[in-house]
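**Student:** Sequence:
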Amino acid sequence: LSPQFREKLQDVLPSLPSQDDYFLLKWLRARSFDLPKAEAMLCKSPGVCVRCPEAPVLPQVIRKYMSGGMCGYDREGSPVWYEIIGPLDAKGLLFSVSKQDLIKNKFRDCELLRHECEKQSEKLGKKIEMVMMVYDCEGLGLKHLWKPAVDTYGEILSMFEENYPESLKRLFIVKAPKLFPVAYNLVKHFLSEDTRKKVVVLGSNWKEDLQKYIDPAQIPVEYGGTLTDPDGDPKCSSKINYGGDVPQHYYVRDQLAQKYEHSVVVNRGSSHQVEYEILFP
Numbered sequence: 001l002s003p004q005f006r007e008k009l010q011d012v013l014p015s016l017p018s019q020d021d022y023f024l025l026k027w028l029r030a031r032s033f034d035l036p037k038a039e040a041m042l043c044k045s046p047g048v049c050v051r052c053p054e055a056p057v058l059p060q061v062i063r064k065y066m067s068g069g070m071c072g073y074d075r076e077g078s079p080v081w082y083e084i085i086g087p088l089d090a091k092g093l094l095f096s097v098s099k100q101d102l103i104k105n106k107f108r109d110c111e112l113l114r115h116e117c118e119k120q121s122e123k124l125g126k127k128i129e130m131v132m133m134v135y136d137c138e139g140l141g142l143k144h145l146w147k148p149a150v151d152t153y154g155e156i157l158s159m160f161e162e163n164y165p166e167s168l169k170r171l172f173i174v175k176a177p178k179l180f181p182v183a184y185n186l187v188k189h190f191l192s193e194d195t196r197k198k199v200v201v202l203g204s205n206w207k208e209d210l211q212k213y214i215d216p217a218q219i220p221v222e223y224g225g226t227l228t229d230p231d232g233d234p235k236c237s238s239k240i241n242y243g244g245d246v247p248q249h250y251y252v253r254d255q256l257a258q259k260y261e262h263s264v265v266v267n268r269g270s271s272h273q274v275e276y277e278i279l280f281p
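Counting with the UniProt record's numbering, you get residues 1 to 281 for the letters of the sequence shown.
In case anyone wonders, no lab produced these hints; they're calculated from the structure. Watch out, some of these pointers could steer you wrong.
To be verified - Within a straight-line C-alpha distance of at most 25 Å, the following computed PhoX-like cross-link-like pairs (lysine-lysine) qualify:
{"hint": "1", "residue 1": "K175", "residue 2": "K239"}
{"hint": "2", "residue 1": "K64", "residue 2": "K91"}
{"hint": "3", "residue 1": "K127", "residue 2": "K143"}
{"hint": "4", "residue 1": "K147", "residue 2": "K175"}
{"hint": "5", "residue 1": "K169", "residue 2": "K235"}
{"hint": "6", "residue 1": "K123", "residue 2": "K239"}
{"hint": "7", "residue 1": "K143", "residue 2": "K99"}
Treat the numbers as computed from the prediction; the structure is a model and nothing was measured.
Hey, can you work out the whole structure from these sequences and the hints?
**Tutor:** As structure tokens, this is what we get:
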């Protein structure tokens, strides 16, 4: 690690979650070892310089209906996080809580994974600093492409990129429907080039492919492994939340203001031509 980089960070080092070379190198790698850019990225990151001493108290509807969870470890000891897309009721969640609440929830998830990496490093006697992710895209549909939901997810991805550089080992997409390329095109510009290279879409043999990286004993039965909850639940629901439709009694609003790229007033008898790229028929 460059001594100059550590010297420039003297004022903020005491407030960082870690001061070792491994942690600081993440920020250098994320900015291709450009010292001024890496310093600026780290110092403006609220997720690094100001860590919440305890997890935020989140609304019950998020705890019950926000899908996803950490379950098991890959063959090298890295935590594995599952995102369950199909049952996720993005509109119901955004009608029930603020966008900031959802971002705070994901920030909490990232902190949980960071702490888990620290625990694994201590347990295994080697540095564990990256996370494996599995995105289950079965059931991905047009409801997930609702603009406020896409905008919120984009902000979450940006938060991850800015606050947790070099933290993703691989992101496996399983059970991707035909609509997946459309959905990915809507959010991929939020991802760095390095992150995009780590996104792998698995085909019909995805269960076998996952087992190349994760021992079957660490994979839920639902995803081709042998792991169950103590009560035999093959989905490991105690670790992974599978979401579902949000009941309307949680709603605090019935619509959201949406920002559009263009707006125009067309007078009676006039016309206005607009050209759009059609992503799918």
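**Student:** A separate judgement is required for each hint: does it hold in the structure or not?
**Tutor:** The hints, checked one at a time:
With a C-alpha separation of about 21 Å, the suggested pairing of K175 with K239 holds against the 25 Å cut-off. This hinted pair checks out: K64 and K91 have alpha carbons roughly 15 Å apart, not beyond 25 Å. Our distance criterion of 25 Å between C-alpha atoms is broken by K127 and K143, whose separation comes to about 40 Å. Under the criterion of a C-alpha separation no larger than 25 Å, the hint pairing K147 with K175 is consistent with the structure, at around 23 Å.
Only pairs whose Cα atoms come within 25 Å are accepted, and K169 paired with K235 is accepted, the gap being roughly 23 Å. Distance restraint check for K123 and K239: the Cα-Cα separation of roughly 21 Å lies within the 25 Å cut-off, and the hinted pair is therefore satisfied. Distance check on the hinted pair: K143 and K99 sit about 17 Å apart at the alpha-carbon level, within 25 Å; holds.
Violated hint: 3 only; the structure is consistent with all others.
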